[in-house]
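Please build the complete structure, drawing on both the sequences and the hints.
Heads up: the sequence lines are chains A and B, in that order.
What the first sequence shows, in my numbering, is residues 28 to 141, in sequence order.
What the second sequence shows, in my numbering, is residues 126 to 236, in sequence order.
Just so you know, these hints were derived from the structure itself, not from any lab.
All clues stand as given, with none of them false.
List time: in silico DSSO-like cross-link candidates among lysine-lysine, alpha-carbon distance up to 27 Å:
{"hint": "1", "chain 1": "A", "residue 1": "Lys84", "chain 2": "A", "residue 2": "Lys40"}
{"hint": "2", "chain 1": "B", "residue 1": "Lys162", "chain 2": "A", "residue 2": "Lys30"}
{"hint": "3", "chain 1": "A", "residue 1": "Lys82", "chain 2": "B", "residue 2": "Lys223"}
{"hint": "4", "chain 1": "A", "residue 1": "Lys80", "chain 2": "B", "residue 2": "Lys223"}
Keep in mind that this is a model prediction, so the values were computed, not measured.
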Amino acid sequence: DVKVTQSSRYLVKRTGEKVFLECVQDMDHENMFWYRQDPGLGLRLIYFSYDVKMKEKGDIPEGYSVSREKKERFSLILESASTNQTSMYLCASRDRENRVYEQYFGPGTRLTVT
Amino acid sequence: GENVEQHPSTLSVQEGDSAVIKCTYSDSASNYFPWYKQELGKRPQLIIDIRSNVGEKKDQRIAVTLNKTAKHFSLHITETQPEDSAVYFCAAGQGAQKLVFGQGTRLTINP
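So, in structure tokens, the structure goes:
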């Protein structure tokens, strides 16, 4: 059974702080994704990674960066948090092999920036 | 790039009735169309998907139809039950590439 975990369910940070969101998957998946979820806007892709040390910008990468030093871990970094980054952040992973396209999501981190 | 529009944003149906959620996409190269269900406070989970080489796929009370010419696809839920209440997201993409999600539909099943 695929398991995707995120470091925090709830996080409160101040404007200007550097914020790290961690995601870990235990199924040896090559692909990992970071989304933010806002009411009425659906899931929007921030960054994704096809493999270790690889990263690609998604649709809304501004204000974010990522790190993938190990296959199982994908980190999202807010260099200087702003109030408009208050949102639910969802991580997902996918097996690139066997033409399996399903993305498995983590439980989400609700980030509030004050 | 791909753009996915989803309608309606909210849908309320009586228990036992059918529910239909529709999505349109813009990129004719997209060939993979999944639907995710997100219950309150939980993570999105895949409930059904369809690839562009078929027009319809069924799984018990859930079906998805795809019209490649018109670039739209729909989720059909029959004999709705209270546990079908959730937010549903459609998405479109090219195989193993990234997905673009729709805005979501909040489905409420009234007893």
